[in-house]
Amino acid sequence: MRIRDHRKDDEPEINLIPLIDVILTLIIFFVVTTTFDARSVLKLQLPKATGEAATDTTRALSVLVNADGRYFVDDREVLRDDVESLKATLAEVAGTDRERKVLLRADARTPHQAVVTAYDALGQLGFRQVMIATAPQTRAPGKKQ
Numbered sequence: 004m005r006i007r008d009h010r011k012d013d014e015p016e017i018n019l020i021p022l023i024d025v026i027l028t029l030i031i032f033f034v035v036t037t038t039f040d041a042r043s044v045l046k047l048q049l050p051k052a053t054g055e056a057a058t059d060t061t062r063a064l065s066v067l068v069n070a071d072g073r074y075f076v077d078d079r080e081v082l083r084d085d086v087e088s089l090k091a092t093l094a095e096v097a098g099t100d101r102e103r104k105v106l107l108r109a110d111a112r113t114p115h116q117a118v119v120t121a122y123d124a125l126g127q128l129g130f131r132q133v134m135i136a137t138a139p140q141t142r143a144p145g146k147k148q
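Take any residue in the sequence shown, count from 1 to its spot, add 3: that is its number in my numbering.
In short, the hints are calculated from the structure, not lab data. Note that the coordinates shown come from a computational prediction; the quantities given were computed from them, not determined experimentally. Please note that a few of the clues may not be correct.
[What the hints assert, rightly or not] Dumping the calculated DSS-like pairs for lysine-lysine here, alpha-carbon to alpha-carbon at most 30 Å:
no. : residue 1 : residue 2
1   : K104      : K51
2   : K90       : K51
3   : K104      : K90
Please model the complete structure; the sequences and the hints are all you need to start from.
Below, the structure written as structure tokens:
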């Protein structure tokens, strides 16, 4: 009885199914972990005011307070709404730079206490240059100012 060697007949092949699975997993991972622009996620209705727009906000630290009183420091959400959590996030994002300007963007429907809490946290950490973002006041048609 003669035994044939089957290894000589087998041609090497590349199985693409595991490769496709890995690529699809990577695509899903990158889509889920992509940072989104804070302006597209948060819909803020800024309070109206008259005055001149600030010219130098390039290095400003952005603190957002939405209508529900939730805080966002640059692109990071503060998990709790107490002063200590806000201070910890501010210190983590800003580092040791207390001379950095802060742009406080609070929704017009935000509870007043949330804005005071943000000011309190900024003051306790030593930030002294705090700007408030507002929307330009719209004129009613036919009225002169």
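Could you check the structure against the hints above and give me the numbers of any it violates, in ascending order? As far as the earlier hints go, not one is violated by this structure.
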